[in-house]
Amino acid sequence: MSNILETTLGPLVLKNPVMVASGTFGYGLEYSDVMDISVIGGISVKGISLAPRPGNPPPRMCETPSGMLNSIGLANVGFDVFVNDMMPRLRDAKATVIANAYGTSADEFAELCRKFDDVEGIAAIEVNISCPNVKSGGIHFGVSGKPAAEVTRAVRKATRLPVMVKLSPEANDIKDVARAIEDAGADSVSLINTFRGMSIDVNTRKPRLGVGFGGLSGPAIRPLAVRMVYEVARAVTIPVVGMGGITCLRDALEFFLAGASAIQVGTANFSNPMVAIEIIDALEKYCIEKNIRPSDLVGKVEMG
Amino acid sequence: MAIEHTNKKYLKTIVKNVETVAPGYSLLSFDCETPLLGRPGQFVMIRGAWGVNPVLPRAFSIVKAGNVGQVLVRDVGPGTALLCNMHVGDELNVLGPLGNGFIEPKSSRAVLVAGGVGVAPLVFLMEQLVPKRVPITFLYGARTANDLPLKVRIEASADLIVTTEDGSVGTKGLVTQPLVDVLKDPNCVVYSCGPNAMLEAVGRVSMDAGVECQVALESPMACGMGTCKGCAVVKPDGSFTYVCTDGPVFVAASIYGGEK
Ligand SMILES: Cc1cc2nc3c(=O)[nH]c(=O)nc-3n(C[C@H](O)[C@H](O)[C@H](O)COP(=O)(O)OP(=O)(O)OC[C@H]3O[C@@H](n4cnc5c(N)ncnc54)[C@H](O)[C@@H]3O)c2cc1C
Ligand SMILES: Cc1cc2nc3c(=O)[nH]c(=O)nc-3n(C[C@H](O)[C@H](O)[C@H](O)COP(=O)(O)O)c2cc1C
Numbered sequence: 001m002s003n004i005l006e007t008t009l010g011p012l013v014l015k016n017p018v019m020v021a022s023g024t025f026g027y028g029l030e031y032s033d034v035m036d037i038s039v040i041g042g043i044s045v046k047g048i049s050l051a052p053r054p055g056n057p058p059p060r061m062c063e064t065p066s067g068m069l070n071s072i073g074l075a076n077v078g079f080d081v082f083v084n085d086m087m088p089r090l091r092d093a094k095a096t097v098i099a100n101a102y103g104t105s106a107d108e109f110a111e112l113c114r115k116f117d118d119v120e121g122i123a124a125i126e127v128n129i130s131c132p133n134v135k136s137g138g139i140h141f142g143v144s145g146k147p148a149a150e151v152t153r154a155v156r157k158a159t160r161l162p163v164m165v166k167l168s169p170e171a172n173d174i175k176d177v178a179r180a181i182e183d184a185g186a187d188s189v190s191l192i193n194t195f196r197g198m199s200i201d202v203n204t205r206k207p208r209l210g211v212g213f214g215g216l217s218g219p220a221i222r223p224l225a226v227r228m229v230y231e232v233a234r235a236v237t238i239p240v241v242g243m244g245g246i247t248c249l250r251d252a253l254e255f256f257l258a259g260a261s262a263i264q265v266g267t268a269n270f271s272n273p274m275v276a277i278e279i280i281d282a283l284e285k286y287c288i289e290k291n292i293r294p295s296d297l298v299g300k301v302e303m304g
Numbered sequence: 001m002a003i004e005h006t007n008k009k010y011l012k013t014i015v016k017n018v019e020t021v022a023p024g025y026s027l028l029s030f031d032c033e034t035p036l037l038g039r040p041g042q043f044v045m046i047r048g049a050w051g052v053n054p055v056l057p058r059a060f061s062i063v064k065a066g067n068v069g070q071v072l073v074r075d076v077g078p079g080t081a082l083l084c085n086m087h088v089g090d091e092l093n094v095l096g097p098l099g100n101g102f103i104e105p106k107s108s109r110a111v112l113v114a115g116g117v118g119v120a121p122l123v124f125l126m127e128q129l130v131p132k133r134v135p136i137t138f139l140y141g142a143r144t145a146n147d148l149p150l151k152v153r154i155e156a157s158a159d160l161i162v163t164t165e166d167g168s169v170g171t172k173g174l175v176t177q178p179l180v181d182v183l184k185d186p187n188c189v190v191y192s193c194g195p196n197a198m199l200e201a202v203g204r205v206s207m208d209a210g211v212e213c214q215v216a217l218e219s220p221m222a223c224g225m226g227t228c229k230g231c232a233v234v235k236p237d238g239s240f241t242y243v244c245t246d247g248p249v250f251v252a253a254s255i256y257g258g259e260k
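Sequences listed follow chains F and V, in order.
In terms of the working numbering, the first sequence has 145 at position 145, counting the first letter as 1, and numbering is strictly consecutive.
In terms of the working numbering, the second sequence has 5 at position 5, counting the first letter as 1, and numbering is strictly consecutive.
Excised from the complex, chain F in its bound form:
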């Protein structure tokens, strides 16, 4: 890949601005039979906690119009297995790894991020203060500025790695949270995580998810995500990473114009595991044709 797509997010330099979103690309390795995962701008791996987590009772997912609900509950192998079993193979595969971190308290976040600091081959940490599917931590840190800043400050002190904080669309005011995490030392901000939703089987009268509710993702949430990226990009000076329902080059361009310096592709990886690479190729062609870089598009929406 030529370097026309090279993208700088504060201290983090990516070969291109197209990443894959946490929870939708596993640990990356699952896809290494199907594609060269080193081509992807960044792989935000499944949310990792200090200890392994089993996740929520099934059913954990169902499809909804142009989207899906999930209530996975951050099922993951835990820090040790990730670092010992997955990281060596991710390094071999030359993947750009973004560690998506989850903790139940600011201290736990800090401990986890301190440990990531010693791991070779991690490009950045994405601090998940926005998961809707866990009882403690998660979205509760992300709904207002104060707890969000507290976690960010703790993480900032614990690591020298670039810190990207991932926001919830369910924040009382997402601009406030974005400003708070910027002041607390975040290097970049990513958004959005999923919206809490519900779907009911009208025959059985039961919720279609085991725990009742789940996070909504996919094209259904794209206009909401674009609006929030636009608002946050105007509220902060740190780079914004946009996501929510991106499926193709057109959708990616929409996020750049709204103010995102980079994007993540989530649910669309399920529809087509090659989608991130297809977007990278299409974006490169587009930029060569127009003789621009992706950064020339950032925030360039023309409001009447």
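No lab work stands behind these hints, which were simulated from the structure alone.
All values reported here derive from a predicted model rather than from experimental measurement.
Check the hints yourself; a few may be wrong.
Unchecked claim - Chain V regions said to be covered by chain F (calculated; three or more residues, Cβ under 8 Å):
(1) 21-30
(2) 51-61
(3) 207-218
(4) 221-229
Where a beta carbon is used, it is the ideal one built from N, C-alpha and C, also for glycine.
Since chain F is already given, all that's left is putting chain V with the ligands on it; use the hints.
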């Protein structure tokens, strides 16, 4: 959980044939330039070029692998309806083979127990065992005579016992009734796929007879390859197992209890 290298590929294929094999059941064949690999019990995730709705691909057991892949689709909702109405020449994206297949029998006989569309992976298994001269008893249960796709293909290769709930063909009743008799000679392995309630009943009958039983499960899933963690099933000890990577074929005792 280990992530091992597999044979899976993301194939851009072309619909070769769509044959209605029973009312509401289509046998979909697709041309694969790179051959679709796969063993009986493994599955594929399939999606056509239909925009964003439905957004997710759909899981189907492989009926036939190679340069022409084949799956049997039962029309139960929007995704399967789109697939049943595909035309020759349409684009079809196929990810696979996924999951773990059936383990072939070491003992002398294979007893295949299908429920409805669950016949799909068992026809593949049958067609792999026939050339190896493994004796096969095929039990096929369905609601009505209209829910027995691929029956003719089975009759050509194996001893077939049919049961229907309404008695419109074969013996009236459930497939577990003839299974009890078949397992009086316990020197065999049972392979089963079908609705959950049937699989559990088949598993219990087999375990009671002291016969090894492998069941192919279904669960809603988004990725089919272990990344979304959506297809969890609860094991007897309360822990989770994943249909896509740990299965879809499981030893019945590991799911329904009674594992030694
Ligand atoms: C490993 C695996 C292998 C499978 N193999 C096959 C196969 O070989 N052939 C095949 O036809 N299907 C198979 N399925 C099931 C198939 O994936 C679903 O039927 C399909 O996803 C339904 O999609 P839809 O959009 O048509 O319906 P959806 O909108 O997803 O569902 C419509 C309605 O059908 C119900 N439904 C969902 N799945 C089933 C089902 N299996 N049987 C009856 N009702 C269902 C839903 O609860 C819902 O009420 C398999 C599933 C798995 C996990
Ligand atoms: C099945 C699933 C699991 C997810 N798991 C995580 C996670 O572990 N950590 C996280 O920060 N976000 C997680 N997300 C949210 C996505 O990373 C992304 O923010 C969201 O899905 C919106 O993007 P999309 O519409 O492109 O999917 C998950 C999403 C899905 C669909």
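Evaluated hints:
no.	hint	result
1	21-30	violated (count 0)
2	51-61	holds (count 6)
3	207-218	violated (count 0)
4	221-229	holds (count 8)
Of the numbered hints given earlier, the model fails hints 1, 3; all others are met.
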